[in-house]
Structure formats: structure tokens, C-alpha cells
Amino acid sequence: MAEEINGVTEVIPVKVPIPAKLLAITDMNKRSAAMKEWWAAYAKRYPDYKAVRKDNHFVYMVKRKGGETS
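Note that the sequence shown ends on residue 69 in numbering that gives the first Met the number 0; no numbers are left out.
You may find that some hints are simply not true.
[Stated by the list, open to error] As a list, the in silico DSSO-like pairs of lysine-lysine whose alpha-carbon atoms are at most 27 Å apart:
(1) 64 <-> 53
(2) 43 <-> 20
(3) 20 <-> 64
(4) 14 <-> 64
Quick caveat, the hints were computed from the structure, so don't treat them as lab data. Given the structure is predicted, the values throughout are model-derived calculations rather than measurements.
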């Protein structure tokens, strides 16, 4: 549970691992297309979360605030 300090709730991102089969694709165009397809399917399952950053192996997500759409 996130802690509230001075009226501000700390937001802790959730790390979502990028599948190894996508990381193994060496052609960057194919990898990008596969990542977009994977992410679109993942985002449909968790519409109340949004991506806040990505590194080489993880996508970091946080829960959307009420009424937030993108």
C-alpha cells in the first residue's frame, strides 16, 4: 500500500517484464512492431494502468487517477 505524506500519495510503479522472445528479435523494425502488438494486447487487459517509462527489459506502469484517459 502506498504511503501518504503531507497529502501526497507515493506512486510506486509496477515493473512488467518484456517477454524474452521480443527481446531476442534483432531486426529493430520487426521488434518495434512486435512490441507494439504485445503492448496493445497487454494494455487492453489493464485499462486502469498507464505506462510511465520503459528500459531494456521492463515497462513501468502506474494506476491511472480517476477520470484519466491517457
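Here's how the hints hold up against the structure:
1. 64 <-> 53: Roughly 20 Å between the alpha carbons, so the hint for residue 64 and residue 53 holds.
2. 43 <-> 20: 20 Å, holds
3. 20 <-> 64: 32 Å, violated
4. 14 <-> 64: 18 Å, holds
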